[in-house]
Amino acid sequence: MKRLIATYALLMVLSMIVVSCEHKELCYSHPHSAKVSVEFEWSQMPAAYSPGGMRVIFYLRNGGEEIVRDFVGKKGGCVEIPSGVYDVVCFNNDTQRVKYNGADGFSSIAATTGVAQVGDVKAFRTPDYLCGGRMVAVKVEVKIGCEQIIVLPVAPMVCYYTYTVRGVKNLQSFSECVAIQRAMCSEYSVGGDNEIQESKADICFAMERNDDVITGWCYTFGAADCDVYKTILYIRTASGKMVKGEYDVTQQINSQKGHLKNVDIVIDTDLDLDKHGGNSGNFGFDPSVDEWGDIESDIIL
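Sequence positions in the sequence shown follow my numbering and run 845 to 1145.
If you are wondering where the hints come from, they were derived from the structure by calculation, not from laboratory data.
Glycine residues also receive a C-beta, built at the ideal position from the N, C-alpha and C atoms.
Some clues are possibly wrong.
With a straight-line cut-off of 20 Å between C-alpha atoms, the simulated EDC-like cross-links for lysine to aspartate or glutamate are [claimed, not checked]: (1) Lys1105 / Asp914; (2) Lys1119 / Glu1031; (3) Lys943 / Asp914; (4) Lys879 / Glu909.
Simulated restraints on C-beta separations [as the list claims (entries may be wrong)]: (5) Val912 / Gly1011: 45 to 53 Å; (6) Ile993 / Asn1054: 45 to 53 Å; (7) Thr1113 / Asp938: 23 to 31 Å; (8) Lys1074 / Glu883: 41 to 49 Å; (9) Ala892 / Gln1095: 41 to 49 Å; (10) Asp1092 / Asp1118: 20 to 28 Å; (11) Val916 / Ser877: 46 to 54 Å; (12) Asn1054 / Trp886: 30 to 38 Å; (13) Ile993 / His876: 19 to 27 Å; (14) Val916 / Lys1044: 32 to 40 Å; (15) Gln1100 / Ala891: 21 to 29 Å.
Between the sequences and the hints, there should be enough to build the whole structure, so can you do that?
Following this line, the structure appears as structure tokens:
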């Protein structure tokens, strides 16, 4: 009787093992993931530039969720991803102001920034330094004992604007200044072919007094297609008065060719901070708060 019970118990255990293994497929000879070595090509970037890190996003062409990988520094590294055909983007991930819209699609992902109210204008904050690149139709294959190498080109995704305002009278009354640059791009298409976005927007950034001039600089996603480009200055004096000046800088912006072009803008004015008509209100902004100060410690050209 005891032997019969033991035999029955053994048969029960064996049947459970068979059932549990019945639908399981062995994958030893057909691994699902491919080993990929991601490298970055920096020839289009300044030799001294070194990002805190880089992000790479793989978009599978036949659908599925995007695959995101982050790397420290600029050297890249190894990842394991499913085999397939991918569109790929990369960009530095050490930014603070930049955010991404449409990041779930290669053709829709775009870098942009937040919006601030400056006077009667809603303006985009300027981005911090951004660079990156894209590759299309990258075929990733599983090769036993072999590592595939993907080299992603990296180039600037922003350009550099400088501003010098000369001729302002009674600068001893200067307290703070915010500038608006009109007709700029509010975003950069990271994955798409069109670098210039259809919608044009205003951008805002802080300026400061340097001896007898007012100066400032910012990174931008480039100028939008437009016939006229204007710079608006909102200056707060020590007495609390708000002074506004508007200047046509079309010729200076158009003097440089290309979309992502570095531009040096010089504005000559006779604005008098003591005598020029102004309001005692605040024009709806406070340049001392809300991240008006520059985030970058170094200027990257």
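Going down the list of hints, with the structure as the test:
1. At roughly 29 Å between alpha-carbon atoms, Lys1105 and Asp914 are farther apart than 20 Å, so this suggested pair is violated.
2. For the hint pairing Lys1119 with Glu1031, the CA-to-CA distance comes to about 39 Å; that exceeds 20 Å, so the pair is violated.
3. For the hint pairing Lys943 with Asp914, the CA-to-CA distance comes to about 16 Å; that is within 20 Å, so the pair holds.
4. For a cut-off of 20 Å, the pair hint linking Lys879 to Glu909 stands: about 19 Å separates their Cα positions.
5. Restraint check, Val912 to Gly1011: a C-beta distance of roughly 50 Å satisfies the suggested window 45 to 53 Å.
6. For Ile993 and Asn1054, the hinted distance range of 45 to 53 Å is satisfied, since their beta carbons lie about 48 Å from each other.
7. Roughly 37 Å separates the CB atoms of Thr1113 and Asp938, a value that falls outside the hinted 23 to 31 Å.
8. Between Lys1074 and Glu883 the Cβ separation comes to about 43 Å, which falls inside the hinted range of 41 to 49 Å.
9. Evaluation of the 41 to 49 Å hint for Ala892 and Gln1095 yields a failure: the beta carbon distance comes to about 33 Å.
10. Between Asp1092 and Asp1118, the C-beta spacing of about 25 Å keeps the proposed range 20 to 28 Å intact.
11. Distance hint check for Val916 and Ser877: the Cβ-Cβ separation is about 22 Å, which falls outside the suggested range of 46 to 54 Å.
12. For Asn1054 paired with Trp886, a C-beta distance near 33 Å keeps the hint of 30 to 38 Å intact.
13. The hinted range of 19 to 27 Å is satisfied by Ile993 and His876, whose Cβ atoms lie roughly 20 Å apart.
14. At roughly 37 Å, the beta-carbon separation of Val916 and Lys1044 lies within the given 32 to 40 Å, and the hint holds.
15. Checking the proposed 21 to 29 Å range against Gln1100 and Ala891 shows it holds: the Cβ atoms sit about 23 Å from each other.
In the structure shown, a violation is registered for the earlier hints numbered 1, 2, 7, 9 and 11, in ascending order.
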